[in-house]
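Colleague: In order, the protein sequence lines correspond to chains A and B. If you read the first sequence in the numbering used here, its first letter stands for residue 8, the second for the next number, and so on. If you read the second sequence in the numbering used here, its first letter stands for residue 5, the second for the next number, and so on.
Since the hints were made in silico from the structure, they are not lab data. There could be a bad hint or two in this list.
As the list claims (entries may be wrong) - With a straight-line cut-off of 30 Å between C-alpha atoms, the simulated DSS-like cross-links for lysine-lysine are:
#1 B/K472 / A/K148
#2 A/K65 / A/K243
#3 A/K134 / B/K59
#4 B/K47 / A/K148
#5 A/K148 / B/K456
#6 A/K65 / A/K134
#7 B/K472 / B/K267
#8 B/K59 / B/K47
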Amino acid sequence: MALLEIDNLVASIGETDVLRGLSLRVDASEVHAIMGPNGAGKSTLAKIIAGHPDYTVKSGDIRLDGESLLEKSPDERAAQGIFLGFQDPVEIPGVNNLYFLRTALNAQRRRRGEAEVDAPSFLRLAKEEAARVGLDAGLIKRSLNDGFSGGERKRNEMLQLSVLQPKLAILDEIDSGLDIDALASVAENAGRLRAAGMSFLLVTHYNRLLDAFPPDIVHVLVGGRIVHSGGATLAKELEASGYQAWSQAEPGLGAGSHHALHA
Amino acid sequence: MQTEVITDALARAYAPGFISDIEADSLEPGLSEDTVRFISAKKGEPEWLLAWRLKAYRLWQRMTPPDWAALEIPSIDYQSISYFSAPRKKDGPKSLEEVDPELLRVYEKLGVPLHERARLAGVAVDAVFDSVSVVTTFREQLAEYGVVFCPISEAVHSHPELVQRYLGSVVPQADNYFAALNCAVFSDGSFVYIPKGVRCPMELSTYFRINALNTGQFERTLIVAEEGAYVSYLEGCTAPMRDENQLHAAVVELVAHTDAQIKYSTVQNWYPGDAEGRGGIYNFVTKRGICAGDRAKISWTQVETGSAVTWKYPSCILKGADSVGEFYSVAISHHRQQADTGTKMVHIGPGSRSTIVSKGISAGHGRQTYRGLVRMEPSARGASNFTQCDSLLIGSNCAANTVPYIESRQPSASVGHEATTTRIRADQLFYLQQRGLNTEDAVALIVNGFCKEVLAELPMEFAVEAQKLLGVSLEGAVG
Chain A
8 MALLEIDNLV
18 ASIGETDVLR
28 GLSLRVDASE
38 VHAIMGPNGA
48 GKSTLAKIIA
58 GHPDYTVKSG
68 DIRLDGESLL
78 EKSPDERAAQ
88 GIFLGFQDPV
98 EIPGVNNLYF
108 LRTALNAQRR
118 RRGEAEVDAP
128 SFLRLAKEEA
138 ARVGLDAGLI
148 KRSLNDGFSG
158 GERKRNEMLQ
168 LSVLQPKLAI
178 LDEIDSGLDI
188 DALASVAENA
198 GRLRAAGMSF
208 LLVTHYNRLL
218 DAFPPDIVHV
228 LVGGRIVHSG
238 GATLAKELEA
248 SGYQAWSQAE
258 PGLGAGSHHA
268 LHA
Chain B
5 MQTEVITDAL
15 ARAYAPGFIS
25 DIEADSLEPG
35 LSEDTVRFIS
45 AKKGEPEWLL
55 AWRLKAYRLW
65 QRMTPPDWAA
75 LEIPSIDYQS
85 ISYFSAPRKK
95 DGPKSLEEVD
105 PELLRVYEKL
115 GVPLHERARL
125 AGVAVDAVFD
135 SVSVVTTFRE
145 QLAEYGVVFC
155 PISEAVHSHP
165 ELVQRYLGSV
175 VPQADNYFAA
185 LNCAVFSDGS
195 FVYIPKGVRC
205 PMELSTYFRI
215 NALNTGQFER
225 TLIVAEEGAY
235 VSYLEGCTAP
245 MRDENQLHAA
255 VVELVAHTDA
265 QIKYSTVQNW
275 YPGDAEGRGG
285 IYNFVTKRGI
295 CAGDRAKISW
305 TQVETGSAVT
315 WKYPSCILKG
325 ADSVGEFYSV
335 AISHHRQQAD
345 TGTKMVHIGP
355 GSRSTIVSKG
365 ISAGHGRQTY
375 RGLVRMEPSA
385 RGASNFTQCD
395 SLLIGSNCAA
405 NTVPYIESRQ
415 PSASVGHEAT
425 TTRIRADQLF
435 YLQQRGLNTE
445 DAVALIVNGF
455 CKEVLAELPM
465 EFAVEAQKLL
475 GVSLEGAVG
């Protein structure tokens, strides 16, 4: 059974359809990259999988471990194993970074019927992971993302990912705003987590991340559908040729994509 | 939850007239000089106190309720209120089984221990909790330090010279309509006296005071800290209290002599009324402290989550040179709650300093006003104030106002004011939910972050309870 299965998903925001029959299948330990032109629906897909309330799923299904997510709240999906690394992580003044992370971890564990992690064990774990993702010890004690630089926020997303240990990590442009060192650190940590069994869905514009953390499969998302899928080399081709060909070749709306692999 | 109790109480047909039966446990509704005499006689008060009450009553009769607050309050019929009732155990529930399950659910959420739940819900105390032994131990310990902590009705007899000297010395009888009413008919309250140079060895809490639950709607508190003394006083309780009185008009007076410090913390969680604004306590409080001596310090910290209407301005008169006044406040107005609250810092002493940090949270149709006065008298050379007023709005039907009054008659004094208004944003909520927090926990986390500076001023245990309380008070505010 696949970890994540998306069948023929049609979703809208307000009156506008943003996904128009999208199918996707991700197995355990796989790394998938979603590429596509601006406005194609890449970030939208990430938010819809996570359960963002602004979007309405009109038809199709999203399943994790065979169980439909559509009726579940964002926090239920999180506890079940979905993590969304945000493109622009919000700041929440006055809320201690580590206190928040421990609250989140224990909320998930409670929901899964697991024992809570006590403060000393958590602190050990958090410090260890913070060192791995290269987040300054001073920053982990500050308010959540408050006054963090773009790069620090992304590292903080990686810290949360390492501590929360989801089954599927959806990283929405985790590479934007990162310098070379930070990018290498993100790739290294993602590789480590993948080796331990985590799956990844990377939303990105660039090859920088994909060079350092090669995907198994690259999907081209245009007009709310996956119009083509291929191996890691597809990313290179896209970089060279752009999405123009795909945009023009886009078939009429309505029908499901015939291009998704693993169908 | 307690709606029924309160609406029932209001709906009760009030028999007119007055029965001056000294043996009675309670008075029929109505207010006159006879009422005042009855209360005073019932408590066996000395002549001077009766005269003091009567003077206040006569002043009150010539006064009118204040109308400057941004509050919509139906007019109150003061003749329809009963001004004296002995503890009415027989009216309360006999056991927890008789208590509103909603109230018990809130207790559970706040982590109130079982035996405490019964006490707070108004179940006859003796049956469930031997409060006397706790209090006795407590008092013996305090007595070793010369600290007096007792009901003010008791202090009138045990320490008459102190009560007579300080009662009304900070809040004069004619200060305002509600204070005058309180002076005339006050039921009971706390009296605290800390002798010279003594640091009170424990935090004093109404929680542990005999009669604390039946001080009634006109509570009166007086705290005196002699030279170099220190005391931290906690008023209230984070659990919602069963209460049958709709009108509350308390007075608190603090006196800090040279180098003395008084830290006064309040958690007010009276019944706020239901979501449609039915029922709920009207809370009109006058709290004021005087830093009478040099380098004296008074610090007010309040977490106001309850009551349908809150009218409250804990204030400091900074008379001593280099004296310090502080006001830290969190106020929540949810559903139809209204709060007009703030502080007054009156700088008289040279070099006196004050800090005001006010955090207002409005949700539902809640309405909230911060109203603060900073006055620099001509004598307040080099005095300084800093004010920070932050409002957090949840939803689009609530409102927040900030009304700072600044009066400076001393050019060398400095006054600083900062104000911000923010909303809980949908993207903040989604972020927290995506990490596994449910909506309520996510709101609570953001709100606690917003209030952090104020919560940090509360004594540790109180702060933890207050954090939970903020969450409970805002249940259902989002989504």
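Colleague: Provide an ascending list of the numbers of those earlier hints which the structure does not satisfy.
Modeller: Numbers 2, 3, 4, 6, in rising order.
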